[in-house]
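*Asks:* From first to last, the protein sequence lines stand for chains A and B. Position 30, counted from 1, in the first sequence is what this note's numbering calls 30; the numbers after and before it change by one each time, with no gaps. Position 122, counted from 1, in the second sequence is what this note's numbering calls 122; the numbers after and before it change by one each time, with no gaps.
Hints listed in this document are in silico derivations from the structure and should not be mistaken for laboratory results. Possibly wrong hints are sitting among the right ones.
Unchecked claim - Using 25 angstroms as the maximum straight-line C-alpha spacing, the simulated PhoX-like pairs for lysine-lysine come out as follows:
| id | chain 1 | residue 1 | chain 2 | residue 2 |
| --- | --- | --- | --- | --- |
| 1 | A | Lys104 | B | Lys43 |
| 2 | B | Lys43 | A | Lys41 |
| 3 | A | Lys38 | A | Lys104 |
| 4 | B | Lys76 | A | Lys38 |
| 5 | B | Lys43 | A | Lys44 |
| 6 | A | Lys41 | A | Lys104 |
| 7 | A | Lys104 | A | Lys44 |
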Amino acid sequence: TQLTPSPSFLSASVGDRVTITCRASQGFNSFLAWYQQKPGKAPKLLIYGESTLQNGVPSRFSGSVSGAIFTLTISSLQPEDFATYYCQQLNNGPPPFTFGPGTKVEI
Amino acid sequence: EVQLVESGGRLGRPGGSLRLSCVASGFTFGNFAMSWVRQAPGKGLEWLSIISASGDTAYYIDSVRGRFTISRDNSKNTLYLEMNSLRAEDTAVYYCARAAGTIAFGGVIGDHFDSWGQGTLVPVSP
Chain A
1 TQLTPSPSFL
11 SASVGDRVTI
21 TCRASQGFNS
31 FLAWYQQKPG
41 KAPKLLIYGE
51 STLQNGVPSR
61 FSGSVSGAIF
71 TLTISSLQPE
81 DFATYYCQQL
91 NNGPPPFTFG
101 PGTKVEI
Chain B
1 EVQLVESGGR
11 LGRPGGSLRL
21 SCVASGFTFG
31 NFAMSWVRQA
41 PGKGLEWLSI
51 ISASGDTAYY
61 IDSVRGRFTI
71 SRDNSKNTLY
81 LEMNSLRAED
91 TAVYYCARAA
101 GTIAFGGVIG
111 DHFDSWGQGT
121 LVPVSP
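Whole structure, please, built from the sequences with the hints as guidance.
*Replies:* Structure follows, in structure tokens:
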């Protein structure tokens with residue numbers, strides 16, 4: 001399974017609506033999560049099950065899926081949201097778990 | 001509060017061995033599958049291995065199968081990664097992570113990772 005993010009790099013401003021997608025090579029029966037990682041820090045779970053917000057994550061983050069395309073949306077980018085975002089997939093069965101290459105969101 | 005604290009990262013030599021540990025607190029360790037994920041310098045995340053809550057079942061990515069061994073001691077709330085036959089390309093920050101979710105496969109339950117340690121650095125160099 002491969003995950004292809006789009007874009008790999010994104011330049012945005014505070015207040016922007018930002019959309020990041022991951023296209024899975026095997027989109028059916030997949031379970032996808034999104035993580036945020038800041039430099040020097042561990043990844044942080046944002047969304048799991050394609051669209052379920054992890055406890056404590058701001059509601060400006062949302063996830064959706066259409067076929068093999070998974071989307072992370074930040075409705076209004078905040079200064080603390082500048083980071084790298086990774087999608088992660090597990091197909092309906094044994095591992096491996098697959099991480100996408102990441103999308104870096106910069107000012 | 002869930003806490004995962006990795007240790008054991010140090011300079012490794014090609015062909016050598018290292019053992020990483022991850023001590024868990026703030027939750028019932030024996031109820032959760034656990035994983036190791038690594039990140040090479042400047043690169044993305046790479047899942048390595050997962051072990052069931054009981055420790056009976058483990059899965060590995062192809063590149064480490066046969067070289068790395070995941071294990072756990074539920075009485076000590078500790079997860080381990082035994083790394084043998086180290087290679088330069090094993091240089092990375094190694095994270096332990098708690099598996100979560102409802103998908104079950106071969107005794108392992110989890111489809112994502114809801115808590116992560118701070119990571120421990122393993123450089124591999126002659």
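*Asks:* If any of the earlier hints don't hold here, list their numbers in rising order.
*Replies:* 4
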